[in-house]
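J.: Listed below are the residues making up each chain.
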Amino acid sequence: AQKVTQAQTEISVVEKEDVTLDCVYETRDTTYYLFWYKQPPSGELVFLIRRNSFDEQNEISGRYSWNFQKSTSSFNFTITASQVVDSAVYFCALSEDAPFGNEKLTFGTGTRLTIIP
Amino acid sequence: SAVISQKPSRDICQRGTSLTIQCQVDSQVTMMFWYRQQPGQSLTLIATANQGSEATYESGFVIDKFPISRPNLTFSTLTVSNMSPEDSSIYLCSVANGAKLFFGSGTQLSVL
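Going line by line, the protein sequences match chains D and B.
Using my numbering, you'd call the opening residue of the first sequence number 1 and step up by one each time.
Using my numbering, you'd call the opening residue of the second sequence number 118 and step up by one each time.
Bound conformation, chain B alone (with noise of 0.2 Å):
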């Protein structure tokens, strides 16, 4: 299996900061994704990060306000831009070891 470690595991934010989330994988991967879950919800695949490449973003998040970093095999991270309360969700990264996908523990964030 993947070890997958986030960080931070939690933090609460002012309103129009942002905050970097790091994503950190035992073993090399060509993807990375990110996903977000909001209080009470499913979750939502905000991009797909490959190394060497721009992220890949899905309907309704954007790059501006989502910026991903993908630098090595090992290591993502996600940054929530300009933050509102709307962004209070929990961030999880996620990799796939064979046939099985991954997430991390997940990042807990609330916006003041």
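The shape of chain D in the complex, shown without the other chains (with noise of 0.2 Å):
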């Protein structure tokens, strides 16, 4: 069975510090997705990233970057330079090997990161 562990259920950092998000998962697909979304206070889930199993290298996007280690069946997410505006609460999850459009995720229990004005 598919599992993703987080293990941080709070994290509060100041302002334009930087803040690392962890997220651990379990399965026995050799072949699976990662992602990460953001449920800012508002609710709605807003995509962030999707990673292959086979794609282990890191990605950055402005201030968010992803470091995917496959040893350590960790994807975890950093956001360099925090603003107010990521106060939200992250969820990592795992999709087993499917067709686009297929794919059903586990998430993990999320990480509720408040940045300190």
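None of these hints come from the bench; they were simulated from the model.
None of these values were measured; they are calculated from a predicted model.
One should not assume that every hint holds.
What the hints assert, rightly or not - Calculated lysine-lysine pairs in the BS3-like style (CA-CA distance at most 25 Å, straight line):
no., chain 1, residue 1, chain 2, residue 2
1, D, Lys3, B, Lys217
2, B, Lys217, D, Lys70
3, D, Lys16, B, Lys124
4, D, Lys38, B, Lys124
5, D, Lys16, D, Lys38
6, D, Lys16, B, Lys182
Both chains come to you apart, so use the hints to assemble them.
T.: Okay, here's the thing in structure tokens:
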């Protein structure tokens, strides 16, 4: 069975600090996909990234970066120079190998990030 | 990106009644997914809805409690039947568009 663990329940940092959100996953599949979603106070889920298990290159998108390490089954998310608008609950998720459009997600329990002005 | 419209956005219902949630997508999709997010919790997949066939339910969810319709490639409904306070949650539909999975804004259900 698939499992996603986000051990950090809540994190608070002062604005402009860097912060890393941890995600550890378990799966028996050799091909799988990892996701990060942001859920701001308004409640909608905002897609951030999808990464397949064969692509271990780190990715950077503006102030966001992701570190995928297959050896430790981790897919950590770093926000650089945090801003108040980054305050949200962040979910890491895992899906089995499936054709586009057929992925079923297993979510972690989320990390509530609060950026203090 | 896919635009997903969910109705209603919120509702307060009495115990024992049923509520049907609608999900409309602006493009044709093969699969639509229904998730539940209980208060302060993560998201749990309820079922997968494929047009033209019965929905596939995850462990712990049954068709009698959560009947799903999928009449075409852009629309689905989830009914929460015979509600109890334990059904108070946010219910979200989800679709994939290429490599991205999108979620509707959710239906916040409170059962008294």
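J.: Now look at each hint and say whether the structure bears it out.
T.: For each hint, the structure was consulted:
no.	hint	verdict
1	Lys3(D) / Lys217(B)	20 Å, holds
2	Lys217(B) / Lys70(D)	21 Å, holds
3	Lys16(D) / Lys124(B)	38 Å, violated
4	Lys38(D) / Lys124(B)	22 Å, holds
5	Lys16(D) / Lys38(D)	19 Å, holds
6	Lys16(D) / Lys182(B)	47 Å, violated
This entry does not satisfy hints 3, 6, going by the numbered hints stated previously.
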